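Novice: Going by full-length UniProt numbering, 110 is the number at position 110 of the sequence shown; the sequence numbering is gapless.
FYI, nobody ran anything at the bench for these hints, they're computed from the structure.
As the structure is a computational prediction, the values presented were derived from the model and not from experiment.
A hint or two may mislead.
What the hints assert, rightly or not - What follows is a list of derived Cβ distance ranges for each label pair:
| hint | residue 1 | residue 2 | range |
| --- | --- | --- | --- |
| 1 | A94 | S159 | 33 to 43 Å |
| 2 | A55 | A109 | 20 to 30 Å |
| 3 | S132 | K76 | 22 to 32 Å |
| 4 | A131 | P160 | 27 to 37 Å |
| 5 | E120 | P160 | 15 to 25 Å |
| 6 | T232 | R282 | 27 to 37 Å |
| 7 | G205 | E291 | 38 to 48 Å |
| 8 | A172 | A109 | 37 to 47 Å |
| 9 | R282 | L133 | 36 to 46 Å |
What the hints assert, rightly or not - Cut-off 25 Å, straight-line C-alpha distance, at most; resulting in silico cross-link-like pairs (SDA-like, lysine to any residue):
| hint | residue 1 | residue 2 |
| --- | --- | --- |
| 10 | K87 | A172 |
| 11 | K276 | V12 |
| 12 | K72 | L136 |
No residue lacks a Cβ here, since even glycine has one placed at the ideal position from N, Cα and C.
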Amino acid sequence: MSPHPNAPEVLVREVGLRDGIQGLATIGTEDKLAWLAREADAGIPAFELTSFVPAHVLPQFFDAEDLVARGKRQCKAALSALVLNDKGARRALASGVDGIVFVISASAAHSAKNARTTPEDALAAVRQLIASLRSLPGRPRITGAIATAFGCTYQGAISPELVLSLAEGLAAAGVDELSLGDTVGFAGPRQVRELFTRLRNELGGLPLGAHFHDTRGMGMANVLAALDAGATRFDASLGGLGGCPFAPGATGNIATEDLCFLLDEYGVDTGVDLEKLLAVRRWLAQLLPHEPLHGALSRAGLPRAVHS
1 MSPHPNAPEV LVREVGLRDG IQGLATIGTE DKLAWLAREA DAGIPAFELT
51 SFVPAHVLPQ FFDAEDLVAR GKRQCKAALS ALVLNDKGAR RALASGVDGI
101 VFVISASAAH SAKNARTTPE DALAAVRQLI ASLRSLPGRP RITGAIATAF
151 GCTYQGAISP ELVLSLAEGL AAAGVDELSL GDTVGFAGPR QVRELFTRLR
201 NELGGLPLGA HFHDTRGMGM ANVLAALDAG ATRFDASLGG LGGCPFAPGA
251 TGNIATEDLC FLLDEYGVDT GVDLEKLLAV RRWLAQLLPH EPLHGALSRA
301 GLPRAVHS
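Please model the complete structure; the sequences and the hints are all you need to start from.
Specialist: Structural data, given as structure tokens:
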């Protein structure tokens with residue numbers, strides 16, 4: 001489909017190499033680099049490549065520094081890394097990564113289990129990080145990501161006012177973009193539309209992103225609701241891999257291939273070659289033969305006319 005002349009410019013960020021595999025048996029660095037190269041060749045412009053957390057917590061990311069260094073040499077895509085605290089941020093900064101995703105959980109209970117901190121202390125760490133980066137030339141792009149923004153398995157409903165307060169704090173600290181995460185798949189389109197509309201109205205031109213899980217089949221509906229409310233950055237994982245290991249019941253992310261197909265049908269130019277992307281998904285299924293992959297496009301294929 002041709003791009004719609006009034007369609008927003010949207011960035012798709014692949015998070016499979018971080019969120020998708022964080023709970024799996026350790027995958028070798030060479031396989032991670034092969035995944036990166038194949039998907040970048042399909043046109044995916046940005047990757048959340050790794051996480052700078054202690055290896056004893058998430059052994060999958062034993063190779064974070066090496067992966068960033070080699071990934072930057074092999075492809076031109078923007079490479080970011082997730083961090084949970086100041087120590088992780090310092091490691092990420094030293095690695096030369098293009099972007100740092102600093103996660104704050106709106107749920108105090110989830111924050112304690114996921115990052116062993118409080119939302120308030122995490123926000124203070126973001127302020128400190130950005131203050132230390134201001135004088136650096138070519139500093140990495142900072143994304144302030146609010147996890148459990150729509151609900152939490154431990155805590156239940158999350159107040160929109162709490163999310164807005166954290167968002168305002170992140171904006172005041174100087175983040176380059178703000179992302180809301182539906183960590184456990186609680187969100188529905190109406191809730192998503194209302195919260196993103198309030199963020200857009202209160203935060204002005206700060207770029208807004210979304211990280212949806214498809215736990216209850218609402219992922220793509222939530223994408224459209226966020227897109228219509230002003231979000232322009234969307235995380236997804238190839239084959240729908242992923243789920244927070246510290247959030248009971250959290251299943252996979254929305255599938256990258258389904259997201260790109262949806263955006264294409266909506267008239268948004270992602271720059272992604274869907275045929276190539278589906279080929280990478282088939283390769284991933286062979287790499288991870290015991291891991292269930294999800295998504296509709298891989299089952300049905302791209303629409304084609306049937307000729308008798």
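Novice: Next step is simple, just say for each hint if it's right about the structure.
Specialist: To see whether the hints hold, each was checked on the structure:
Evaluation of the 33 to 43 Å hint for A94 and S159 yields a pass: the beta carbon distance comes to about 37 Å. Taking the beta carbon of each, A55 and A109 are about 25 Å apart, inside 20 to 30 Å as hinted. With their beta carbons about 28 Å apart, S132 and K76 fall inside the hinted range of 22 to 32 Å. Separated by about 28 Å at the C-beta atoms, A131 and P160 satisfy the suggested range of 27 to 37 Å.
Taking the beta carbon of each, E120 and P160 are about 18 Å apart, inside 15 to 25 Å as hinted. Our hint of 27 to 37 Å for T232 and R282 holds, since their Cβ atoms are close to 29 Å apart. The hinted range of 38 to 48 Å is satisfied by G205 and E291, whose Cβ atoms lie roughly 40 Å apart. For A172 paired with A109, a C-beta distance near 25 Å fails the hint of 37 to 47 Å.
Separated by about 40 Å at the C-beta atoms, R282 and L133 satisfy the suggested range of 36 to 46 Å. Note on K87 and A172: the hinted pairing holds, with a Cα-Cα distance of about 22 Å set against a maximum of 25 Å. A C-alpha spacing of about 15 Å is found between K276 and V12, which places the hinted pair at or below 25 Å, so the restraint holds. Of the pairs offered as hints, the one joining K72 and L136 holds, with about 20 Å between alpha carbons and a cut-off of 25 Å not exceeded.
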